[in-house]
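Number of protein chains: 2
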Amino acid sequence: MEPATFPIVAGRDDEEGLSKFPQTLQNSAEDASSERPRAARAERSRWVADAPRPPGAWSEVAGFLEVIAGSGGANHCVTCQRPGTRLSTGESVADAIKGMFPALEWCKRYNFHSFKNDLMAGLTLASLCIPQSIGYATLARLQPEYGLYTSVVPPLIYAMMGTSKELAIGPVAVVSMLISSMVPKLVDPTSDPVTYRNLTLTVTFFTGMFQAALGFLRFGFLVDLMSHAAVVGFTAGAAVVIGLQQLKGLLGIAHFTNKTDVVSVVASLWSSLHHNSWNLYSFIIGTSFLIFILIARFLGTRSKRLYWLPAIAPLISVIAATLIVFLTRADEHGVKIIKHVNSGLNPISVRQLRFGGPFLGDLAKIGLVVAVIALTEATAVGRSFASIKGYRLDGNKEMVAMGVMNVLGSFTSCYTATGSFSRTAVNFSAGCETPVSNIVMAVTVLLMLKFFTRLLYYTPTSILASIILAALPGLIDVREALNIWKVDKLDFLTCFGAFLGVLFVSVEVGLLIAVLVSFVNILLVAIQPGIEILGLLPGTELFRSVDQYPVAMTISGVAIVRLKSSLLCFANANFIKERILQHVTVREDEGEVANDVKPTQLVILDMSNLMSIDTSGIAALSELHQNLQDLGVEMAMTNPKWQVAHKMKVGDDNMRRSGRREIVGGTLFFISIKDAIDATLKHHQLHQPC
Amino acid sequence: MEPATFPIVAGRDDEEGLSKFPQTLQNSAEDASSERPRAARAERSRWVADAPRPPGAWSEVAGFLEVIAGSGGANHCVTCQRPGTRLSTGESVADAIKGMFPALEWCKRYNFHSFKNDLMAGLTLASLCIPQSIGYATLARLQPEYGLYTSVVPPLIYAMMGTSKELAIGPVAVVSMLISSMVPKLVDPTSDPVTYRNLTLTVTFFTGMFQAALGFLRFGFLVDLMSHAAVVGFTAGAAVVIGLQQLKGLLGIAHFTNKTDVVSVVASLWSSLHHNSWNLYSFIIGTSFLIFILIARFLGTRSKRLYWLPAIAPLISVIAATLIVFLTRADEHGVKIIKHVNSGLNPISVRQLRFGGPFLGDLAKIGLVVAVIALTEATAVGRSFASIKGYRLDGNKEMVAMGVMNVLGSFTSCYTATGSFSRTAVNFSAGCETPVSNIVMAVTVLLMLKFFTRLLYYTPTSILASIILAALPGLIDVREALNIWKVDKLDFLTCFGAFLGVLFVSVEVGLLIAVLVSFVNILLVAIQPGIEILGLLPGTELFRSVDQYPVAMTISGVAIVRLKSSLLCFANANFIKERILQHVTVREDEGEVANDVKPTQLVILDMSNLMSIDTSGIAALSELHQNLQDLGVEMAMTNPKWQVAHKMKVGDDNMRRSGRREIVGGTLFFISIKDAIDATLKHHQLHQPC
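Order-wise, the sequence lines are chains D and P.
Heads up: the first sequence begins at 1 in UniProt numbering, then just goes up one per residue.
Heads up: the second sequence begins at 1 in UniProt numbering, then just goes up one per residue.
Source of the hints: derived by calculation from the structure; they are not laboratory data.
It is possible that part of the hints are untrue.
[Said to hold, decoys possible] Coverage of chain P stretches by chain D, computed from C-beta distances (three or more under 8 angstroms per stretch; other residues unrestricted):
| hint | segment |
| --- | --- |
| 1 | 302-316 |
| 2 | 569-579 |
| 3 | 610-624 |
[What the hints assert, rightly or not] Now the in silico label distances, taken between C-beta atoms and shown as ranges:
| hint | chain 1 | residue 1 | chain 2 | residue 2 | range |
| --- | --- | --- | --- | --- | --- |
| 4 | D | 97 | P | 533 | 51 to 57 angstroms |
| 5 | P | 479 | D | 486 | 29 to 35 angstroms |
| 6 | D | 583 | P | 53 | 21 to 27 angstroms |
| 7 | D | 186 | P | 408 | 22 to 28 angstroms |
| 8 | P | 53 | D | 97 | 38 to 44 angstroms |
| 9 | P | 479 | D | 97 | 39 to 45 angstroms |
| 10 | P | 38 | D | 388 | 36 to 42 angstroms |
Here the structure is a predicted model, which is why all the values come from computation and not from measurement.
C-beta atoms are modelled at their ideal positions from N, C-alpha and C, and glycine is treated no differently.
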């Protein structure tokens with residue numbers, strides 16, 4: 001075996017100096033069979049006992065904050081590793097501004113070719129975005145023009161401050177549904193649309209403030225509070241709810257429930273069926289174009305060259321449907337049409353924000369919920385496209401960008417905007433290179449607002465419902481749910497629980513279920529009170545689980561036990577203690593054991609997994625030691641982690657002072673299982689079984 | 001080194017047969033320097049890859065339930081290890097009845113000597129119990145005789161069904177305070193004492209039902225939901241609240257707040273001071289005897305022979321105070337006295353339970369809270385005394401006993417009883433041997449009820465307050481709080497949070513804070529996103545943390561990283577990924593590193609700690625692999641646990657099907673860090689740093 005050329009960097013206390021790695025291994029192999037194993041073992045045990053004092057809890061928290069402060073950043077060029085250099089004050093300020101506005105970065109490299117691509121992408125985006133945003137505004141119970149406003153200002157701001165190059169900004173289905181399910185509990189949009197709109201703008205303001213705050217405080221990790229499985233379930237549930245509500249527009253029903261749970265919606269549909277308030281023409285128009293758009297989507301996914309087809313289809317449907325209604329005067333036959341859409345640029349809406357009044361707390365609460373959902377969606381979309389293109393997003397900067405865009409949007413009659421998956425996919429396929437595509441889209445919508453809103457007069461509302469319905473299958477990711485089922489059944493429970501919660505109760509409850517189940521899942525895994533039995537792998541000195549490695553051999557009379565959980569705390573300490581005692585005392589009953597196997601005389605507790613122990617855990621170990629001694633069984637503990645060893649020493653001091661028996665005093669800590677076995681074998685006379 | 005005589009039990013797939021343990025180690029040492037290391041490494045890697053399929057999630061849950069079913073039991077004689085034998089049906093029934101009534105066990109060994117000890121202990125108990133239970137009943141806003149009733153029936157039932165030999169049963173301070181703070185929110189005890197009493201008895205019924213249910217379902221581990229630290233804080237807060245409320249009785253104040261938070265109580269005291277509604281005589285009587293009882297307690301703890309002094313002192317105080325009031329007619333000077341106490345045995349109260357009406361849900365909720373608190377207290381007291389005497393309690397049987405005693409108590413005019421620490425300590429010091437001491441106490445109280453209640457007519461209420469106040473210092477365990485501070489600062493936060501919650505808000509909120517902080521603590525430890533850097537211990541093949549073992553040597557160019565948390569999930573996956581990338585890319589900036597250290601070229605991820613991974617974790621590992629490859633760094637993973645390895649294989653299949661890159665396919669799993677280093681060294685040409 002030729003020696004490798006890796007020098008070993010000396011440890012802080014090492015006097016051996018640099019030496020070749022495999023040579024050291026050869027040395028250790030020789031040591032094992034030399035005459036000084038006991039001295040070496042004693043020295044290793046001393047390493048365990050003399051470990052320096054671990055950092056206290058406050059430094060742990062400080063370290064955690066440091067990680068947060070340093071994280072979320074593609075602060076350095078990923079492909080080259082030039083270390084940071086010191087900057088002057090002026091350079092620091094310039095650097096900070098450049099950090100705030102990433103646009104200044106890609107601006108420098110901009111050229112006509114990029115602009116051409118972005119222009120195409122932007123126009124494609126706009127064609128999809130105009131009908132969708134009108135539809136989503138209606139979903140959010142706002143006037144149609146608010147959807148168009150929301151596609152003007154937020155994308156412009158994001159283009160200057162955001163770090164994703166593909167993310168397409170505008171109103172989205174899930175956020176619109178959130179607003180339409182939570183704000184009407186405060187004010188009814190049909191009876192008082194002006195106050196409803198004002199409250200929605202105020203919610204948008206709060207959403208922006210929370211998002212920006214999360215970004216500035218670098219608390220971006222909070223967005224990860226919902227596991228991927230929960231997001232899948234929640235989004236699918238939201239999609240079903242939205243779809244059912246679109247049936248109102250598709251069928252031209254006048255009176256419909258405000259509630260979002262599926263039982264109320266189906267009941268409402270059923271009663272309107274009985275009262276014959278469906279309109280046949282709305283149904284025909286809506287359904288035919290729905291089929292058309294779905295076919296266009298299908299063709300677009302099959303062939304990469306037809307990427308523009310699903311993007312164009314909604315706009316074509318709107319134009320065609322408007323023409324049909326105009327020519328056939330279908331509105332006189334009961335087909336509901338949009339009618340008047342306010343033209344002109346975004347009106348300034350600062351005065352419309354409502355901070356006084358009884359709703360302030362509720363609005364803030366809704367704003368927080370919407371902020372987190374919007375961020376979750378945008379982060380997920382942005383990350384997946386960034387990883388396709390091979391760069392990393394700066395999570396905190398994204399949040400700040402989103403926050404600012406929503407705050408300024410609330411001043412300019414926009415409601416909450418975020419990144420949309422379907423439009424980002426279109427943007428990406430259309431070949432966008434920079435956020436200029438968002439600018440192009442915004443300008444196009446602006447022109448639409450200024451000059452062309454009259455064209456929307458005869459647009460039937462059922463076509464808007466079709467457009468929204470056509471976007472929903474993208475939100476229901478059945479394949480991903482199946483993947484989750486295969487990988488982790490408990491994860492799937494989170495997914496399904498969130499789905500059912502949204503479907504049958506309400507959005508907030510579905511969200512709460514998602515977060516709670518995610519965390520209960522973590523708790524259960526963290527405190528699972530199982531133990532593993534370890535055995536020796538042949539040909540090695542390694543001890544591994546006998547279940548995972550059937551070749552591992554157990555040692556007669558010695559039970560080597562490792563805890564499965566990384567915490568020994570109040571919630572599982574007694575359980576684990578009972579489990580170990582059961583294992584020790586019940587083994588003879590198993591009947592599978594051969595006749596020459598001795599009863600257990602030594603229990604080795606391998607603490608490699610254990611990261612944390614509390615006072616209940618220390619008490620349980622002490623009781624375990626006592627109980628084992630009463631049974632005539634020795635106990636040894638191996639490889640304790642830093643903080644655990646330190647806490648047990650402190651716990652021992654406490655027990656000594658209060659006159660109770662110590663733990664560490666009674667059994668030594670060993671650095672490895674092999675050392676524990678060797679030392680205990682030499683130390684005790686072992687008796688024959690009775 | 002002489003060979004030990006431990007035969008090794010063959011693993012299921014092992015063909016080597018039995019061989020001597022140290023001989024095997026010698027063999028492995030020879031193998032390391034023989035010519036076939038690569039083949040051996042390949043075989044070990046195969047062990048990892050070919051591990052059998054781990055049990056699914058449902059069998060994990062089944063295993064968990066099995067642990068619950070088997071746990072909590074001192075099902076077998078601790079000192080001898082006779083395996084269980086098959087029982088006939090008759091024997092099984094007899095066994096079950098013996099299980100229900102442990103009294104049948106110790107009855108057999110009963111003799112006159114035991115009875116003498118129990119008689120002394122029982123009488124000592126009764127002398128302490130009579131004044132305390134009257135005081136606690138007043139604390140619970142009930143008539144004084146209800147305290148005496150509660151010291152008759154529950155102890156009798158517990159003596160037959162309980163497994164602790166020292167536990168003294170009766171009303172306790174904390175439970176009485178819980179009742180007096182929660183039930184008056186439904187009905188005011190001053191204006192409608194009859195309904196208040198009926199509701200309290202109904203709460204007792206629910207308490208008993210919940211406790212018995214927890215015991216039968218073997219859900220005893222739920223009692224451990226409050227960490228030891230939380231119990232310490234909660235009890236101390238409750239003690240302070242009780243103490244402040246006793247000032248009403250001590251000072252003879254007429255009007256006092258119903259609230260329990262310290263701000264309201266102090267404000268109420270202050271306003272009554274201004275209105276001069278304190279009674280001087282009550283104050284003098286109460287305070288003098290309070291000082292007397294405290295001195296008696298102090299003397300009793302100093303000398304073991306004077307254990308009876310703190311037990312007798314309250315009764316002496318009651319007798320003396322009653323005489324003083326009787327002789328001086330102090331009741332005509334404004335000293336409040338108990339007046340009439342109903343004599344006679346416990347009246348049957350089945351008809352007084354209130355299951356109809358609007359309060360049912362609230363009563364059940366209060367019953368659940370009281371059940372858990374009562375069980376927590378009794379379990380803590382019972383366990384500590386049992387461990388002093390060297391036996392183990394059967395937690396589930398204890399709960400069933402408590403549940404039955406409270407249910408039957410609710411039928412016989414008793415409110416919730418549980419094990420009391422102060423009285424159990426007295427019982428223990430007085431030399432009790434079996435629960436017969438409880439029977440003696442119950443009979444004594446019964447005689448008191450039948451014949452001597454008239455003696456209590458002139459007893460001032462301030463003496464009851466003194467007795468309760470004197471018992472409170474035992475509940476405020478400052479030394480234990482200091483111990484907790486030394487061992488674990490976060491644990492102390494739980495303790496302090498519970499204390500403040502009870503003190504400044506309410507009992508339920510304090511409880512909720514205690515449970516929540518305990519679990520948030522677990523969560524934070526479970527998902528802590530830290531990483532450890534490992535180095536090689538000289539003279540061994542072991543890799544340990546370089547922070548804990550300063551002698552450990554890092555290897556130049558290789559970063560060996562181990563996750564601190566045992567879960568890689570949505571809550572920490574991105575964090576950990578960033579952390580590892582930071583470590584790899586920032587190392588050159590540290591400035592402490594010697595010049596001949598190569599930049600990192602291999603990252604070894606040691607997964608020994610990792611028990612669980614979810615879809616977000618798998619995605620993060622995949623991204624990490626991609627990012628490292630972009631940096632030109634190799635990645636290897638070592639020692640994956642069973643379920644984690646299986647999940648990653650499944651995750652890989654998913655990714656392959658959706659066209660994304662695999663993780664396991666790209667990097668191999670190694671069984672140990674040494675194998676990973678050897679294999680990667682041989683496999684790659686490593687280039688010089690730029």
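Item to check | Numbers of the earlier hints that this structure fails to satisfy, in rising order | outcome: Those not satisfied are hints 1, 4, 5, 7, 8 and 9.
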